[in-house]
Structure formats: C-alpha cells, structure tokens
Amino acid sequence: MLQSIRDGSRSWGAKIIIGVMVAAMALFGVESLFSVFGDDPNQVASVNGEPIMRQQVELEVQRALRSGQVPPEQERALRNDVLDQLITQQLLTQYAEDGGVFVSDAQLDQMIVGLPEFHDQDGRFSAEIFRNRLAGAGYTPVAFREELRADIKRQNLQQGLAFSDFSLESEQERLAELQRQQRSFRYVLLDANDVSVDVDVTETHLQDYFDENQARFVRPEQVRVEYVLVDRQTMAENVEVDEQELRDAWREQNRNADRRVSHIMVTFGDERSREEAQAHANEALEALNSGDSFADTALRYSDDTASAEEGGDLGVISRGFFGEAFDEAAFALGEGETSQLVEMDGAFHILKVTELAAPAFEEQREALQRDVALRDVNDEFNQQVQRLIDESFAADDLQSVADDLGLTLNQTDWLARGEGEGVLSEPGVLDEAFSADVLEEGYNSEVIELDDDRRLVLRVAEHRETTQLALDDVRDEVASAVAAQQRQEALKQEASRMIAALEAGEANDINWLEATNISRQSESVLPQSVVQEVFRMPRPQEDDSIYRAVSLPDSVAVIALDRVSVGEVDEQLTSFVAQMAEQLRAQSVIQGLVDDLRSDAEIER
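Just so you know, we're using the numbering used here here: the sequence shown kicks off at 866 and counts up by one.
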C-alpha cells in the first residue's frame, strides 16, 4: 500500500498540489485521530532521539486519502504504514548526513525555481505562487526547504546505492533468454474416475491424521461482543425536510455553477453623462418590470448592439469572466431572475440568468433531501456522541448506556480476530475487543470513529482462549480429509505407474491435451501449477520427452515435456527484463541497508 502512495506523490510538485487540497486546520483539531499513538499529543515516535510528530503523520495520511489512492476505510491501517515509512525516511536521512551527503542552498534554489507548480502563465517562477501554495499546504518556506533538502539527500543516497550494484550484460541476456523461452508439452489430468479407490477410514487413520495435523484443529481465541452505534444517517432518515429548505439548498449548492447570462448595457462617458445613462437604464428596468420581454428591451435600450440582436445573450459564463462586480450580481441570481442596475467599467448593466449549467432541482431532490436532513441532525448527532463519550467511559456495562441514549445494544456470536461482520469488519474495530483495556481489564472501548457519520463503543461480553479441539469435535472434518488423502495417494500411484510405462515405451493409449509454445507470461487456461512445473523440468533430449507428475486439488497431472525453444527476440521484452533486474537488485540493496539501520537504531513508538 505504502509504495503506491509514495509513487503517487514522488515529486515535490505533486506533494504541494495534493497539500493545497488539505484543510490544514482540520488536520490537527480532531483528537480521536491521534489516540492510537499514545499519551503524548505531539510526538508519536523517535528515531535515535529525533522525534516524529503527529502532524507529519497526519499530513501524509491526508495526502494519501485526498489523492484517491487509498480508500477511506483503510485509514487506520494506513496510519501505521505512514509512520513506518517516516521512520524509514528518518533512518535514511540520518545515514546520509552521517555519510556527508550534502545539498547546497544553490541546489535547492535551482530545483524550486524549476518546479512547474510554482510557475506563472508564462512559465516563469513566481514568488507569489510559491508562497501561496506553500501556505495552502501548511508549509513555511523554511520548513519546505528543509523537507526538500532531506528528500534530496535520501534520493542521492538511494541512487548511489542502486548504481553501486549492477548486472553484467551476459547476465541480462541470459535472463531475457529465459524469460522468452517457450515450451511445448502434453498433459493429462487424473481424477477419481481414473482409479478405483477403496476408501477405508479406520479409527487408527483418524487418530494418526489428527495427531499429525493438530495445528489445523485449533479453535482460535474468541470473544462475544456487545456494541452500540450512533449513526447520523439513521437519525436523518426520520427527519422531514420542507420544500423551501430543499430549494434553498439547491440554490446554495449551485450558486457557483456556470450559467447563461443576458444583459442590457447602457454606457456613459463621451456621449452621455453618468446621470443620463442611469436614467436611460432605469427606463429599461421599468419596461422589464411592466412586462416587456428582455429581448425586446435589449434591442431598444442596450448599447451592446451585437448581443442585443441575440436578445442580450452573453453565452455561458464562469466566475471571473467579467470581474467581481459582475460576478456578485450574476451569481446571486437564480434561473429566470433579473438584477437591478449594476455599475461597472463605465456602464450600467441589467443582468438576467436564462439557464443554469447544473442538474435540475428534481434530479437532485433525493440527494438534497439526504444532505439537508444530515445537516439538520448535526447538532443532535454531536450531542449524542458527547453523551456516548461521557457515559460509556464511566459505565460498567453497555446496556445502561444504550437505555439512556435510546440506542440498540447489538450482540454477536463468537468471533476470532478479523472475523467481524458489518461495522465490526471495518479496519481496526474488532482489534479494540482484543486490546488490553477492553479484553483484560473489562472496560468499554473508547468511542471509535468509523467515519464522519458513525461512532461506536464496544465491550467484551465473554472471552475464551485458544483451544486445542478434541478429535470428537472435528471427527467428520478429519474423516473427509483422510478420505481425500487416500484418493490423492491412489492418483499419485496411478501417475507413477503411467510414467513408468511411458518411459518404458509401453503406454500409447493416453488422451493427451497439448500445449504448444507456452511461455512464462502466456495467458492461458492451463493450471498455473502445471505451467510452473513445466518450467522447472530439465530440457529433454531431441526426439525424447521428460515426464513428471504434479498434484492438483482433487487430481494429479501427468506432464510430458517434449520441446524447449528459445523464442523470438523481443527488444521491448529484453529491455524490460534488464530494467526489472536492475530494479530488483537496487531494491534488494536499499532494503538491506534499511533492515540493517533498523536493527541498530533506537526506535520508540
């Protein structure tokens, strides 16, 4: 998961763009986000004495979520991955600095002015854009430069390590040759219809199998859980929203939507005074108020003759097309509404919105109904959550909490780790049931924030340890496994007999399935284990075949490898294999360094 995040925000330009979308004030105001990190509200870890602050973690988490590369339901798991990555970065930065890796101010300046995210429309670096985008992302220029400096140090270190290890050209050619190699073979699948098996499951068989596979017959540690849930969406289902609220919400939602606008323009300056123009414009406004059409009035009064001939139509506009005064008037109007006089740029304007570039009200009714209802229950929801926090903290059970808050006390059957359903299946939720405070001390859990609309508290009602099951508890399962084992053994024996006959030249009546020129990367319906075994087999002598048996679920495949060919040279594949080999070598070297640094470091979380 973490690698995809880093790939998606590798350049500092991309990080800034993502950061602009993050509401910085929202990052650090919700204490529940940081409760998993311990008692210190600011420091979440230290690496050889150097701290990692919670703001660093949350900023990276929010970037990942906003980029869309990690779904919101994985946020809890993501937070630990992000912290691990920051620890790795800190280790690499420390190693680079101890090794004398240096980045000068001039290098930083050159990189910053070259980032297109800080360029103006003419492609030149803009100090104003630089400051604004850093501020929007929650950076000061100094903090940004230091983080960029550390990032460059790590990149230089990793590149140096990567280039220190390489593969020879002959090795690359051999890898490419193996990758494009093709094999032609025959195979036949033996199943229960091909052998006569007298399944005989005795008590001795059962006991022997059970004794040899006891790890398969263990009941894991389990809990029965009680929980209460405060759900804003459920609360909103019982809210009635009147028509005016819906229409006000629709207007607010679409107040910045593009719109088609018509206007009547009366200028002043050389030919008429401002007062004369205002009087003339008021005459036009009176004509409209008396019922004249906008198109006819525009023809009679507008000095913009080009648009007047089109009924005053200016086309579809977005905010910013005609300036702030025009926007204030045009975007305050609903569809079909006409403005009062608007003065700007040496003229008086009368504006009319003839069309909104937005879904019609009826198309949005259901979504608006839901959004308005959610907004209307917001205060009640927050009050309910606060009561849940207060009462669950002090209560010795959850039934009384449920009764006081009018909630349903939900109860589960026995659950092992990772077995929850519904809300208990969401990342990290059931883990709370196995935490020390809840499982061992018998406390209610802290309020768990599932998402913006749901809060949950759980309690362990009953607990049982990991238990080795007795044979009588799993007798049927063991009997099925023994029977399957006996059938599979009979198939293996039949395969061995068939291979011996083939090698002796005695088996000629086999209905082979043929596979011709199969490569490692071929897309086919062949069982993958068969293809893998084929490419493990040694090359046969000319006009000869090599035979192998492969166990499959409920069957055994007998393989006859007939021919191995080099395959056609593919320059693209050759280049790809060479690149992959270099990347794997580089990753191995860098990972080896990271593992070594972690083993020697003092890391506190």
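Everything labelled a hint here was simulated from the structure, so no lab data went into it.
For clarity, every value in this text was computed on a predicted model and none was experimentally measured.
Any given hint could turn out to be false.
[To be verified] Straight line, CA to CA, 20 Å or less: simulated EDC-like cross-link-like pairs of lysine to aspartate or glutamate:
1) K1357 with E1330
2) K1018 with E962
3) K1357 with E1371
4) K1018 with D1460
5) K1018 with D987
[As the list claims (entries may be wrong)] Here are the computed distance ranges between Cβ atoms for each label pair:
6) Q1020 with Q1393: 50 to 58 Å
7) R1165 with F1186: 20 to 28 Å
8) D1076 with S1410: 36 to 44 Å
9) Q1098 with A1222: 27 to 35 Å
10) D1076 with N1376: 34 to 42 Å
11) S1389 with L1334: 36 to 44 Å
12) N945 with Q1079: 31 to 39 Å
13) F1400 with A1222: 55 to 63 Å
14) L1417 with Q1079: 22 to 30 Å
In this text, a Cβ means the ideal position worked out from N, Cα and C, and glycines have one as well.
Hints and how they fare:
This hinted pair does not check out: K1357 and E1330 have alpha carbons roughly 40 Å apart, beyond 20 Å. Distance hint between K1018 and E962 is fulfilled; the C-alpha atoms sit about 8 Å from each other, no more than 20 Å. With a CA separation close to 19 Å, the supplied pair K1357 and E1371 stays within the 20 Å bound. The suggested pairing of K1018 with D1460 holds, with an alpha-carbon distance near 19 Å, which does not exceed 20 Å.
For the given pair, K1018 sits about 31 Å from D987 by alpha-carbon distance, which is inconsistent with the 20 Å threshold. Checked against the hint of 50 to 58 Å, the pair Q1020 and Q1393 fails, with Cβ atoms roughly 38 Å apart. Distance hint check for R1165 and F1186: the Cβ-Cβ separation is about 26 Å, which falls inside the suggested range of 20 to 28 Å. Checking the proposed 36 to 44 Å range against D1076 and S1410 shows it holds: the Cβ atoms sit about 41 Å from each other.
One distance hint, 27 to 35 Å for the beta-carbon pair Q1098 and A1222, holds here, with the actual separation near 30 Å. In this structure, D1076 and N1376 meet the distance hint of 34 to 42 Å, their C-beta atoms being roughly 41 Å apart. As the Cβ distance of S1389 to L1334 is approximately 41 Å, the hint placing it in 36 to 44 Å holds. Between N945 and Q1079 the C-beta distance comes to about 33 Å, which sits within the given range of 31 to 39 Å.
Between F1400 and A1222 the CB atoms are about 58 Å apart, so this pair conforms to the stated range of 55 to 63 Å. A hinted range of 22 to 30 Å for the beta carbons of L1417 and Q1079 is consistent with their spacing of about 26 Å.
Going through the hint list in order, the structure does not satisfy hints 1, 5, 6.
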